[in-house]
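Please work from the sequences and hints to get the whole structure.
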Amino acid sequence: MALSSKRDVKQKNLISSFRERLDKLGCPYIEGVDDSWIIEMIYKPGEPRIKLLQWLFSKFDSKLHEYIEPRFATAESKLDSRVQRLLFVTSTLGLCRYDDVDLIRGVTGGSRQDAFMDKLIDLVCIKDAADDPDNKAMRNPGVISESMALEDQFHHDSHLMRSLLHQEKVDSVLNPRLSLLPPDLQRQYEVAMVERGVDKDR
Numbered sequence: 001m002a003l004s005s006k007r008d009v010k011q012k013n014l015i016s017s018f019r020e021r022l023d024k025l026g027c028p029y030i031e032g033v034d035d036s037w038i039i040e041m042i043y044k045p046g047e048p049r050i051k052l053l054q055w056l057f058s059k060f061d062s063k064l065h066e067y068i069e070p071r072f073a074t075a076e077s078k079l080d081s082r083v084q085r086l087l088f089v090t091s092t093l094g095l096c097r098y099d100d101v102d103l104i105r106g107v108t109g110g111s112r113q114d115a116f117m118d119k120l121i122d123l124v125c126i127k128d129a130a131d132d133p134d135n136k137a138m139r140n141p142g143v144i145s146e147s148m149a150l151e152d153q154f155h156h157d158s159h160l161m162r163s164l165l166h167q168e169k170v171d172s173v174l175n176p177r178l179s180l181l182p183p184d185l186q187r188q189y190e191v192a193m194v195e196r197g198v199d200k201d202r
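Counted from 1, the sequence shown has number 66 at position 66 by full-length UniProt numbering; the numbering is strictly sequential.
Rather than coming from a laboratory, the hints here were simulated on the basis of the structure.
In this text, all values refer to a predicted model and were calculated from it rather than measured experimentally.
We put the beta carbon where it would ideally sit given N, CA and C, even for glycine.
Careful: at least some of the hints might be erroneous.
To be verified - If you anchor each label on the Cβ, the simulated ranges turn out as follows:
#, residue 1, residue 2, range
1, G94, L14, 17 to 23 Å
2, E47, D8, 24 to 30 Å
3, K24, K63, 39 to 45 Å
4, D102, D8, 23 to 29 Å
5, R97, K63, 22 to 28 Å
6, D8, G46, 21 to 27 Å
7, W37, S111, 17 to 23 Å
8, K10, F88, 29 to 35 Å
9, L93, D132, 16 to 22 Å
10, S158, Y29, 39 to 45 Å
Right, dumping it as structure tokens:
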């Protein structure tokens with residue numbers, strides 16, 4: 001009994017987290033609905049679940065909407081086609097196996113659905129934060145940001161390395177005999193080596 005109530009509390013917290021993140025993303029399917037509808041969308045197979053997945057992937061990348069939604073097809077073949085295309089996109093992003101059609105349809109166990117939806121919504125939230133102009137304005141080169149696109153991070157870091165290499169002589173920076181000690185400790189070290197009769201160059 002205690003185990004069941006723990007599971008219920010955990011699921012309630014997870015549903016609340018899903019609602020909060022979907023709301024931040026501006027999901028049209030959660031406006032004015034209660035938690036039972038969110039549970040229905042996430043855990044039950046059917047059109048509402050497929051629509052939610054389509055919306056999430058379209059939010060992740062607008063080009064995916066054109067790929068997932070076939071234009072010319074019957075209603076039945078359209079659903080199968082969307083499921084297959086959603087499966088391809090999902091497995092390509094590493095969120096499931098290439099043959100895990102049951103996960104996309106929503107007929108697998110609750111804990112797998114929890115993990116899948118949690119990762120997918122997180123991925124979309126990170127991408128959405130990366131596209132936010134307020135976040136971009138606060139970034140500096142060399143500062144690693146989870147919400148920065150990999151290509152942008154590469155360009156910022158390349159610019160930082162170029163500016164660093166132009167500040168100092170490259171030969172002195174890359175010198176294999178470069179001293180790691182501060183100058184005063186280096187002198188003390190050399191004096192101590194001479195007193196012991198050890199060649200400092202060895």
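Each hint tested on the structure:
no., hint, verdict
1, G94 with L14: 17 to 23 Å, "holds, 21 Å"
2, E47 with D8: 24 to 30 Å, "holds, 27 Å"
3, K24 with K63: 39 to 45 Å, "violated, 22 Å"
4, D102 with D8: 23 to 29 Å, "holds, 24 Å"
5, R97 with K63: 22 to 28 Å, "holds, 24 Å"
6, D8 with G46: 21 to 27 Å, "holds, 23 Å"
7, W37 with S111: 17 to 23 Å, "holds, 21 Å"
8, K10 with F88: 29 to 35 Å, "holds, 31 Å"
9, L93 with D132: 16 to 22 Å, "holds, 21 Å"
10, S158 with Y29: 39 to 45 Å, "holds, 41 Å"
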